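Using the sequences and the accompanying hints, generate a full structural model.
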Amino acid sequence: MSAVAENEAIKGGEFLIKETSASDIFIPEEFNEEQQMIAETCSDFLKTEVHPILDEIDKAKTPELMSSLMDKAGELGLLGTAVPEEYEGFGMNFNTSMLVAEVLGAGYSFSVAQSAHTGIGTLPILYYGNENQKQKYLPKLASGEWKAAYCLTEPDSGSDANSGKTKAELTADGKHYKINGQKMWITNGGFADLFIVFAKIEDDKNLTAFIVEKSYGGITMNEPEHKMGIKGSDTRQIFFNDCMVPVENMLSDREKGFKIAVNILNIGRIKLGIAAVGGAKGVLTQAVNYANERKQFGISIGRFGAIKHKLGEMASKIWVCEAAGYRAGQNIDDLIEKLKAEGKSDAEAKLKALEQFAIECAIMKVHGSEVLDFVVDEGVQVYGGMGYSADAPMDRAYRDSRINRIFEGTNEINRLLIVDMLLKRAMKGEMDLMGPAGAVAKEIMSIPSFGDDHEGMFAAEKNVLKNLKKAVLMVAGAAVQKFMMKLSHEQEILMNSADMLIEIYAVESAILRVEKLIGIKGEEAVSLEKDMMMIYLHNAVAKCNMVGREAIQAFAEGDELRVMLMGLKRFTKIEPFNTKDARRRVADAMLAESKYIF
Amino acid sequence: MNILVCISSVPDTTAKITFKDDNTTFNKDGVTHIIGPYDDYALARAIELKEELGGTVTVLNVGTAETEPQIRKALAIGADEAIRVDAEPTDSFFVAEQIAAVAKENSYDLIMMGRETTDYNSGVVHGIVGQLLGMPSLSPVMELNIDGNTAKISREIEGGKEKLEATLPLILGCQEPIAEWKIASMRGIMTARKKPLNVRPAVGEGLTSVSSYSLPPEKGDCKMIPAEEAEKLIDLLQNEAKVL
Ligand SMILES: Cc1cc2nc3c(=O)[nH]c(=O)nc-3n(C[C@H](O)[C@H](O)[C@H](O)COP(=O)(O)OP(=O)(O)OC[C@H]3O[C@@H](n4cnc5c(N)ncnc54)[C@H](O)[C@@H]3O)c2cc1C
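Protein chains in written order, with full-length UniProt numbering: chain A, 1 to 598; chain B, 1 to 244.
Source of the hints: derived by calculation from the structure; they are not laboratory data.
Small disclaimer: the values here were computed from a predicted structure and weren't measured.
Virtual Cβ for every residue (Gly too), placed ideally from N, Cα, C.
Hints should not be assumed to be uniformly reliable.
As the list claims (entries may be wrong) - In silico DSBU-like links for lysine-lysine, alpha-carbon gap of 35 Å or less:
no.: 1; chain 1: A; residue 1: K344; chain 2: A; residue 2: K227
no.: 2; chain 1: A; residue 1: K72; chain 2: B; residue 2: K163
no.: 3; chain 1: A; residue 1: K59; chain 2: A; residue 2: K295
no.: 4; chain 1: A; residue 1: K530; chain 2: B; residue 2: K219
no.: 5; chain 1: A; residue 1: K595; chain 2: B; residue 2: K152
no.: 6; chain 1: A; residue 1: K72; chain 2: B; residue 2: K20
no.: 7; chain 1: B; residue 1: K152; chain 2: A; residue 2: K72
no.: 8; chain 1: A; residue 1: K11; chain 2: A; residue 2: K521
no.: 9; chain 1: B; residue 1: K161; chain 2: A; residue 2: K595
no.: 10; chain 1: A; residue 1: K136; chain 2: A; residue 2: K178
no.: 11; chain 1: B; residue 1: K182; chain 2: A; residue 2: K521
no.: 12; chain 1: A; residue 1: K136; chain 2: A; residue 2: K61
no.: 13; chain 1: A; residue 1: K595; chain 2: B; residue 2: K163
no.: 14; chain 1: A; residue 1: K47; chain 2: B; residue 2: K242
no.: 15; chain 1: B; residue 1: K20; chain 2: A; residue 2: K521
no.: 16; chain 1: A; residue 1: K72; chain 2: B; residue 2: K194
no.: 17; chain 1: B; residue 1: K50; chain 2: A; residue 2: K580
no.: 18; chain 1: B; residue 1: K16; chain 2: A; residue 2: K295
no.: 19; chain 1: B; residue 1: K194; chain 2: A; residue 2: K140
no.: 20; chain 1: B; residue 1: K20; chain 2: A; residue 2: K47
no.: 21; chain 1: B; residue 1: K104; chain 2: A; residue 2: K352
no.: 22; chain 1: A; residue 1: K259; chain 2: A; residue 2: K134
no.: 23; chain 1: A; residue 1: K521; chain 2: B; residue 2: K194
no.: 24; chain 1: A; residue 1: K134; chain 2: B; residue 2: K182
no.: 25; chain 1: A; residue 1: K338; chain 2: B; residue 2: K152
no.: 26; chain 1: B; residue 1: K16; chain 2: A; residue 2: K595
Said to hold, decoys possible - Footprint (simulated), chain A over chain B, 3 or more residues, beta carbon under 8 Å:
no.: 27; region: 78–90
no.: 28; region: 216–230
Okay, here's the thing in structure tokens:
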């Protein structure tokens with residue numbers, strides 16, 4: 001059934017035009033004993049060191065508490081999972097570090113500090129550092145002896161990251177770069193020993209990256225920012241005044257900084273997505289518990305259909321997002337292995353693989369952060385008035401979730417990137433989008449075919465999925481033709497297209513996960529997982545219909561409009577399914593065990 | 001200081017308990033197993049003592065191959081080697097017999113375990129091991145320090161605390177706060193797979209078998225009676241609940 005030849009690995013973004021078979025994806029149920037033990041270590045750490053002092057962490061006026069938590073995490077090795085063993089890390093594969101990110105994702109502010117240190121703080125050196133730089137800094141960062149921060153954003157340079165004004169000037173003796181400028185929103189700023197700083201040399205168009213030790217001097221900072229959430233995460237404005245950085249601390253080459261920034265954020269994105277899944281699972285467990293305990297009208301509120309609806313919906317979204325995350329993670333791992341086998345260095349292979357799946361990374365960032373926001377919002381609602389109490393757990397969850405849609409590239413920027421990257425790949429001839437888009441354009445002009453080509457397990461669902469892919473190819477294909485180079489001015493249509501792509505990737509991952517699970521556990525044992533997939537599929541179809549319609553109406557007229565709307569109707573058809581009962585089944589199973597059980 | 005730490009593999013404390021095979025077997029499907037929480041404390045203190053005084057920590061588990069993840073976890077937490085006695089731990093005497101058999105072949109200064117398991121909570125294994133080996137057995141040990149050949153112990157007794165000293169070797173049933181609970185480190189996890197885990201056959205046979213298990217009856221729904229209709233309560237207690 002798969003259009004993909006046996007040995008031809010799927011490339012990033014190709015999910016839109018190719019089919020993946022269930023056996024080709026990794027599902028979290030396949031984590032081995034050692035990986036599960038690592039996950040337990042992470043959750044034990046949160047349970048013993050972080051969760052008992054969440055209030056203290058959030059109220060801390062100085063960065064010492066967070067810094068000491070990072071020390072403890074470092075002692076356990078939790079800061080070195082992605083660092084190769086030759087630099088005193090643990091050299092875990094990508095999906096294992098995703099698992100670590102997921103579990104620690106339930107750590108509120110701590111999780112932000114940890115992910116900034118291990119991600120944007122450490123990875124620039126791991127991926128772009130020369131051997132000396134790696135030897136010098138990575139062991140310290142992997143153990144947590146040194147903490148890292150990443151200084152890209154400036155007061156006037158946020159989403160437009162390459163527009164920073166911070167300057168790096170070569171000193172007369174040619175030994176140092178003198179850095180001057182102001183950075184903003186710097187996570188871990190207050191206790192970092194090392195800063196990855198982006199600055200411009202002379203009138204360069206692009207940024208250059210530097211490894212800056214705190215001890216170089218010339219670094220001052222404001223008090224921690226007052227924030228809506230993640231209050232325990234130390235966020236600073238940092239000033240560089242004649243900060244003297246040895247020339248050998250330039251990271252990679254002059255003007256390579258923007259590329260570094262983009263690629264590093266890219267990795268952070270998929271991790272952010274999976275960390276959101278971890279956070280959401282914790283919140284849902286609390287909500288399920290509360291639904292069992294809270295009684296109104298003489299019964300537990302969990303027995304009300306309205307509450308079951310929420311719990312079922314939350315579980316479905318979390319489970320689906322998790323499927324997408326580890327599927328993409330494994331694609332990245334597989335490509336890393338392949339590139340290494342072809343002779344690429346570890347760092348090169350990792351970078352290339354992550355770049356290849358940048359579209360999926362952006363999808364995970366948007367999807368994960370929005371699933372978490374949905375879950376915390378419904379979490380507050382399940383708690384009712386208690387949800388609004390600052391003394392109950394939903395308050396922190398609700399506030400802390402919100403940042404995820406903003407940092408590591410706002411969700412708007414990421415949505416634009418998803419479509420932009422896809423179109424660029426098509427333009428470069430790396431991926432044939434125009435062929436399939438043309439075929440869809442023809443198809444909508446002809447009589448509908450009833451010969452659905454999928455057979456076997458989930459044939460109907462896979463046909464629905466195939467049609468959703470056609471829907472976005474139709475919408476985006478027509479928009480490209482209509483606007484050509486001006487498409488970038490039609491952000492609303494790009495957002496609509498991104499929404500469809502996200503839903504498609506997510507629901508495809510879910511269908512494949514259920515299919516693979518059935519192969520492992522048998523159909524009966526995974527009926528609830530199938531329910532969650534079906535709930536999601538129906539939501540996805542409705543969403544694609546809605547945003548597809550909006551997009552078409554934004555640019556098509558007359559006959560074209562009618563034909564495309566008919567096409568959309570055809571491509572968003574789905575057999576009826578009782579999602580209400582499915583949500584109830586999922587909710588009841590969780591209520592019986594008082595937790596998120598999948 | 002050579003220490004034998006006996007660990008049990010028990011259902012996660014939040015697991016939902018069900019039975020199968022006509023209510024004669026605990027249904028393990030989908031249930032996560034963990035190292036017995038009290039055993040975990042014994043293990044943690046044993047590792048601390050090893051770090052302080054040198055020697056080795058051996059973990060022992062009586063169980064089928066299913067328990068190996070918990071054994072490897074103990075190795076990841078810091079034990080040096082492991083022994084699994086390949087049998088279902090059918091009853092306390094049977095388990096104690098296995099421990100005693102292993103102990104007789106080696107010379108341990110301390111045999112430590114949890115005060116009880118959290119599945120069947122019999123809490124007598126350490127006592128029986130003491131009897132079988134002819135050694136003192138103390139429980140629940142909440143503080144343990146070693147000074148030469150002497151163990152300084154404090155434990156809770158009915159209505160108070162007791163401090164005592166005893167000469168090694170000893171059998172100890174432990175509980176918190178004997179040590180700070182230990183989390184397996186990344187390095188520990190990665191070295192666990194290289195540490196020896198020896199499997200050996202059981203001696204003797206279980207003396208008991210389970211005829212059936214049952215759960216306590218579920219709590220029924222709560223019926224609310226408005227205060228102004230309090231007399232209805234008598235009626236319900238008499239005719240519906242039939243307790244009056
Ligand atoms: C708590 C916190 C921690 C952070 N940590 C770090 C850190 O450690 N290091 C670091 O370098 N930065 C960090 N940041 C900065 C963060 O990455 C930026 O805030 C983010 O990239 C957005 O930039 P901005 O705030 O300037 O918003 P703006 O770019 O001003 O965006 C404002 C709005 O406009 C939209 N927008 C902007 N451009 C476009 C466009 N082209 N098309 C459509 N919409 C657009 C955005 O999506 C957003 O909705 C952090 C921020 C916060 C709040």
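Here's how the hints hold up against the structure:
Distance restraint check for K344(A) and K227(A): the Cα-Cα separation of roughly 43 Å exceeds the 35 Å cut-off, and the hinted pair is therefore not satisfied. A threshold of 35 Å between alpha carbons decides the hint, and for K72(A) with K163(B) the separation of about 33 Å falls inside it, so the pair holds. Restraint check for K59(A) and K295(A): satisfied, since their Cα atoms lie roughly 32 Å apart, inside the 35 Å limit. For the suggested pair K530(A) and K219(B), the alpha carbons sit about 32 Å apart, so the restraint of at most 35 Å is met.
As the CA atoms of K595(A) and K152(B) are separated by approximately 43 Å, the hinted pair breaks the 35 Å bound. Restraint check for K72(A) and K20(B): the C-alpha separation of about 43 Å exceeds 35 Å, so the hint is violated. With a C-alpha separation of about 30 Å, the suggested pair K152(B) and K72(A) falls inside the 35 Å cut-off, and the hint holds. Between K11(A) and K521(A) the alpha-carbon distance is near 29 Å, which keeps this suggested pair within the 35 Å criterion.
As the CA atoms of K161(B) and K595(A) are separated by approximately 38 Å, the hinted pair breaks the 35 Å bound. In summary, the hint linking K136(A) to K178(A) is supported, as the alpha carbons are separated by about 21 Å, within the 35 Å threshold. Distance restraint check for K182(B) and K521(A): the Cα-Cα separation of roughly 34 Å lies within the 35 Å cut-off, and the hinted pair is therefore satisfied. For the proposed pair K136(A) and K61(A), the alpha carbon gap of about 32 Å is at most 35 Å, so the pair holds.
Note on K595(A) and K163(B): the hinted pairing is violated, with a Cα-Cα distance of about 42 Å set against a maximum of 35 Å. For the hint linking K47(A) to K242(B), the alpha-carbon distance of about 46 Å lies beyond 35 Å, and the restraint is violated. Only pairs whose Cα atoms come within 35 Å are accepted, and K20(B) paired with K521(A) is accepted, the gap being roughly 19 Å. For the suggested pair K72(A) and K194(B), the alpha carbons sit about 25 Å apart, so the restraint of at most 35 Å is met.
The straight-line distance between the Cα atoms of K50(B) and K580(A) is roughly 58 Å, outside the 35 Å bound, and the hint therefore fails. Distance check on the hinted pair: K16(B) and K295(A) sit about 22 Å apart at the alpha-carbon level, within 35 Å; holds. Taking the CA atoms of K194(B) and K140(A), the gap is about 26 Å. The hint holds against a cut of 35 Å. A C-alpha spacing of about 33 Å is found between K20(B) and K47(A), which places the hinted pair at or below 35 Å, so the restraint holds.
With a C-alpha separation of about 59 Å, the suggested pairing of K104(B) with K352(A) is violated against the 35 Å cut-off. Under the criterion of a C-alpha separation no larger than 35 Å, the hint pairing K259(A) with K134(A) is consistent with the structure, at around 19 Å. For the proposed pair K521(A) and K194(B), the alpha carbon gap of about 31 Å is at most 35 Å, so the pair holds. At roughly 31 Å between alpha-carbon atoms, K134(A) and K182(B) fall within 35 Å of each other, so this suggested pair holds.
For the given pair, K338(A) sits about 59 Å from K152(B) by alpha-carbon distance, which is inconsistent with the 35 Å threshold. The straight-line distance between the Cα atoms of K16(B) and K595(A) is roughly 11 Å, inside the 35 Å bound, and the hint therefore holds. With 0 residues having a Cβ less than 8 Å from any Cβ of chain A, the region 78–90 of chain B misses the three-residue criterion, and the hint is violated. Chain A is given as covering the region 216–230 of chain B, and this holds because 4 residues of the stretch bring a CB closer than 8 Å to a CB of that chain, at least three being needed.
Violated hints, listed in ascending order, are 1, 5, 6, 9, 13, 14, 17, 21, 25 and 27; each of the other numbered hints is respected by the structure.
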